[in-house]
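**Q** First to last, the protein sequences are chains A and G.
Numbered by the numbering used here, the letters in the first sequence go through residues 3 to 265 in order.
Numbered by the numbering used here, the letters in the second sequence go through residues 2 to 204 in order.
These aren't lab readings, by the way, just hints derived from the structure by calculation.
All C-beta atoms in this analysis are idealised placements derived from N, C-alpha and C, irrespective of residue type, glycine included.
Be aware that a few hints might be false.
Among chain A residues calculated to face chain G with C-beta under 10 Å, some are [unchecked claim]: (1) Leu51; (2) Asn54; (3) Leu57; (4) Arg87; (5) Leu93; (6) Ala96; (7) Asp104; (8) Lys244; (9) Phe248.
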Amino acid sequence: MRSRTYRSRGIVLRQYPLGEADRIVSILTPEMGKVRAVAKGVRRPRTRLGGNLDLTSVIDFAASFGRNLDVITEARTLGQNIEVRSDLPRLSLALYVCELADSFAPEGSRSRELFRLTLSVLDTLGPAPDPWLLTRWFETRILDVSGFRPQIEDCVECAEALKPGDHLLDLGAGGALCPNCRSLGVGGKIFVSESAMRVLRHLQRTSRSDELGTPTLRDSLRDEVEGILSRYIRFVVERDIKSADFTRRAVRLEGDANPQFRR
Amino acid sequence: MTTPVSYSPAPIVKLVEEFSKLPGIGPKTAQRLTFYLVRMPEERARDLAEAIVGVKERVSICSRCFNITEADPCDICSDPRRDQSRVCVVEEALDVLALERTHSYRGLYHVLHGAISPMNGVGPDDLRIRPLLSRLRENPVEEIILATNPNVEGDATAMYIHGLIAPLGISVTRPARGLPVGGDLEYADESTLGRAIEGRQDF
Chain A
3 MRSRTYRSRG IVLRQYPLGE ADRIVSILTP EMGKVRAVAK GVRRPRTRLG
53 GNLDLTSVID FAASFGRNLD VITEARTLGQ NIEVRSDLPR LSLALYVCEL
103 ADSFAPEGSR SRELFRLTLS VLDTLGPAPD PWLLTRWFET RILDVSGFRP
153 QIEDCVECAE ALKPGDHLLD LGAGGALCPN CRSLGVGGKI FVSESAMRVL
203 RHLQRTSRSD ELGTPTLRDS LRDEVEGILS RYIRFVVERD IKSADFTRRA
253 VRLEGDANPQ FRR
Chain G
2 MTTPVSYSPA PIVKLVEEFS KLPGIGPKTA QRLTFYLVRM PEERARDLAE
52 AIVGVKERVS ICSRCFNITE ADPCDICSDP RRDQSRVCVV EEALDVLALE
102 RTHSYRGLYH VLHGAISPMN GVGPDDLRIR PLLSRLRENP VEEIILATNP
152 NVEGDATAMY IHGLIAPLGI SVTRPARGLP VGGDLEYADE STLGRAIEGR
202 QDF
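Model the full assembly from the supplied sequences, consistent with the hints where possible.
**A** Quick look at the structure:
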């Protein structure tokens with residue numbers, strides 16, 4: 003008989019209130035993908051669990067299998083990034099990262115790579131010299147590990163290597179089209195300027211976040227790259243990533259006080 | 002599966018149904034309450050019904066602090082003995098009651114009616130943040146206490162509001178976090194204990 007309880011490391015991705023004092027917590031684990039479990043009584047101040055189940059926290063937890071949802075029996079914080087939690091733009095980016103991981107995470111199957119990726123990004127978001135770039139890199143990598151990597155080196159139709167210049171990215175076909183194939187493709191085409199394509203390729207070719215560097219990018223170019231990735235992701239997950247809007251506002255609000263976010 | 006035949010009179014079924022929609026009340030409690038009401042003198046049942054309707058008819062939201070109130074402005078806003086130079090920002094009207102029970106705070110309040118929850122699509126515009134700013138511009142205060150809940154969303158809300166009022170030159174504080182009175186140190190969770198140690202004070 004399989005054990006009634008299990009224990010795992012996890013990242014707290016999302017929370018939904020349940021009943022009067024409980025919450026449903028969505029946790030990303032390396033071996034079981036996304037786990038949805040009930041945390042009882044965590045909205046009361048005397049809770050022992052609650053302080054350990056905050057969004058973006060990395061935890062070690064135990065839970066028992068339930069008929070419908072599992073029930074968390076124990077949780078301990080392994081890492082809670084104070085640097086991120088006390089800085090609004092970084093915190094809002096961390097929430098965005100969690101929501102994105104939540105949309106891509108499979109339920110009930112192994113997701114070591116996604117776990118490792120999300121963990122490393124949350125860890126580096128605090129000291130990151132360019133948190134915006136790190137977040138875009140996370141988007142690129144999450145597309146890679148979940149099998150939706152856009153093809154932007156060669157034409158997605160004729161496989162010819164793309165020459166420098168402006169291109170069209172075909173959402174349905176999952177890649178860029180060369181000038182000869184512009185009329186082909188599946189549909190949902192976005193314009194990608196030559197400079198934006200260069201940034202996208204840099205993100206895709208960088209396998210470790212500490213190799214991203216600190217390229218100087220114009221505000222308009224950042225907006226373009228962000229727009230392209232967010233449309234591509236929306237096409238893949240078939241819904242809006244809700245925290246993106248607040249993230250933009252938080253970054254803008256802090257822009258005057260914090261030169262790293264001045265855009 | 003067919004629905005089992007109910008032998009209860011329709012008004013009882015209806016009341017049970019209504020009760021079970023309330024927070025913390027399941028079908029069993031709803032039934033118990035209903036049958037208690039059946040035996041209750043009619044007069045008391047009427048009082049209860051009137052109290053419920055009265056809440057809906059006479060209670061509104063204060064136009065200054067957005068707390069729930071019978072008069073507008075509310076009793077706290079219109080009390081001259083309260084410290085007019087301090088405003089405590091809270092998420093819910095229930096938080097005002099909790100803070101009032103402490104008898105430690107004599108200033109004014111501002112109820113946001115929620116916290117920023119980016120993933121659930123609750124942004125700054127869904128809360129009473131803009132009225133707070135205009136209120137502060139009209140009646141400048143010395144201190145703003147950001148008493149949103151001590152979790153990620155409450156922190157994000159506090160930081161966002163802080164960013165907006167920083168240019169106004171008002172002192173902004175946040176309640177301390179730490180150990181519950183009467184609790185054991187060894188049973189405190191790591192994050193609370195961590196914060197408590199960080200925020201330690203001179204003895």
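**Q** Compare the structure with each hint and give your call.
**A** Now the hints, each set against the structure:
no. : hint   : verdict
1   : Leu51  : holds (8 Å)
2   : Asn54  : holds (5 Å)
3   : Leu57  : holds (4 Å)
4   : Arg87  : holds (6 Å)
5   : Leu93  : holds (6 Å)
6   : Ala96  : holds (8 Å)
7   : Asp104 : holds (8 Å)
8   : Lys244 : holds (4 Å)
9   : Phe248 : holds (4 Å)
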